[in-house]
Amino acid sequence: MPNVQHSDQKTGDIAALLLAHYAVHARDLPWRKRPGQGWPDPYHVWLSEIMLQQTTVMAVMPYFARFTDRWKNFAELAACDDADLMAAWAGLGYYARARNLLKCARTVVSEHGGELPQSEDALKKLPGIGPYTAAAIAAIAFGQRAVVVDANIERVVSRLFALSTPLPQAKPEISALMDRITPADRAGDFAQAMMDLGAGICSVKAPACDRCPLADGCQARQDGNPEAYPVKQPKKARPVRKGTAYWIRRGDKVWLVKRKDSGMLAAMRALPDDGWNAKSDGNMCPPFPAKWEQRLPAITHIFSHFSLELQVAVTAWPHGPNPPLEGEWWDVNSLDKAGLPTLFIKATKVALASGER
DNA sequence: CAAACGTGGGT
DNA sequence: TACCCAAGTTT
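At position 82 of the first sequence the residue is numbered 82 (full-length UniProt numbering), and the sequence of numbers has no breaks.
If you're looking for bench data, these hints aren't it; they were derived computationally from the structure.
Don't take every hint at face value.
Unchecked claim - Taking CB as the label site, the calculated pair distances span:
| hint | residue 1 | residue 2 | range |
| --- | --- | --- | --- |
| 1 | Arg295 | His112 | 51 to 57 Å |
| 2 | Ala353 | Lys279 | 28 to 34 Å |
| 3 | Ala59 | Pro172 | 29 to 35 Å |
Yeah, the Cβ is synthetic: ideal placement off N, Cα and C, and Gly gets one too.
Take the sequences, apply the hints, and build the full model.
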């Protein structure tokens with residue numbers, strides 16, 4: 001445990017100071033809107049929390065707006081087609097979230113009468129909801145006292161108490177400290193205030209301590225080295241892989257496939273490829289023999305755990321039978337509606353820009 | 001438990 | 001440019 005030189009009195013001040021600051025400086029985010037006087041719509045809280053996992057507020061905004069406009073509650077979302085959902089999620093990344101989102105909505109409808117359960121335990125049993133999200137929903141949507149810990153809060157707490165233990169080993173310590181400073185009432189506002197603080201003031205680089213309501217009680221600030229926290233374990237290098245995608249054109253159509261249901265970009269619509277993955281290069285074998293042109297500029301795409309140098313090979317497919325490869329013709333003029341992951345969006349742009357007939 | 005799992009903005 | 005990181009969960 002950390003050197004506990006903070007009295008309960010002092011840690012109690014943290015919540016009061018932060019909530020007062022939050023009353024004035026809270027970000028105005030769409031999922032925080034409260035219908036009437038009460039709490040925000042739990043469906044909105046849940047949807048935003050899933051979208052915000054490892055994803056910035058800026059990236060989430062347009063997706064949240066489109067999703068809530070199109071699917072207004074759990075029942076509507078549960079009833080949608082899987083392919084439509086995946087296409088709507090395209091570009092946001094971490095596609096397992098989209099598959100779990102749908103599973104979760106369907107479970108909420110079939111087993112919980114279309115309303116989210118309110119207890120942290122019950123929430124954690126739902127697909128896509130882990131420790132963080134369960135606590136966040138319980139606190140933010142249902143007013144329960146839950147201890148919320150995300151990467152922002154890890155950073156803020158690490159600095160407040162100048163924790164020398166590196167992450168992820170420090171997680172239990174951070175949870176215990178967050179538990180200690182979380183108020184009995186307004187735990188949800190407190191969590192959001194901590195996250196706002198981490199996002200806007202207690203930033204990774206160059207924290208704005210002069211604007212921080214907790215600066216006086218911050219150990220790292222007193223020590224003059226807030227940027228040194230949180231201490232983290234070094235990360236692994238990112239390998240570079242090579243692969244090929246295949247652009248099969250017939251008139252104004254291109255042949256798209258659906259990726260398998262597990263692994264990278266699972267269940268997403270895509271261009272055919274040569275089997276590249278995080279562990280190995282693609283085999284450079286086209287899906288079928290044809291006259292393949294392969295002189296387009298390579299694409300570099302950075303995934304979380306490897307980089308990919310992707311070559312695009314092009315062929316023209318004659319009218320008549322379809323290519324011997326499960327898939328569908330897609331109009332090249334409406335590729336934006338295909339729901340392609342960003343990697344393949346880049347590939348389609350290269351193919352089209354090449355003046356490819 | 002460590003690794004898998006996307007993407008784009010910031011520095 | 002290169003590297004860091006984000007409202008984490010699942011296996």
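Okay, the hints, checked on the actual structure:
1. Arg295 - His112: 51 to 57 Å: 55 Å, holds
2. Ala353 - Lys279: 28 to 34 Å: Distance hint for Ala353, Lys279 holds at roughly 31 Å.
3. Ala59 - Pro172: 29 to 35 Å: 30 Å, holds
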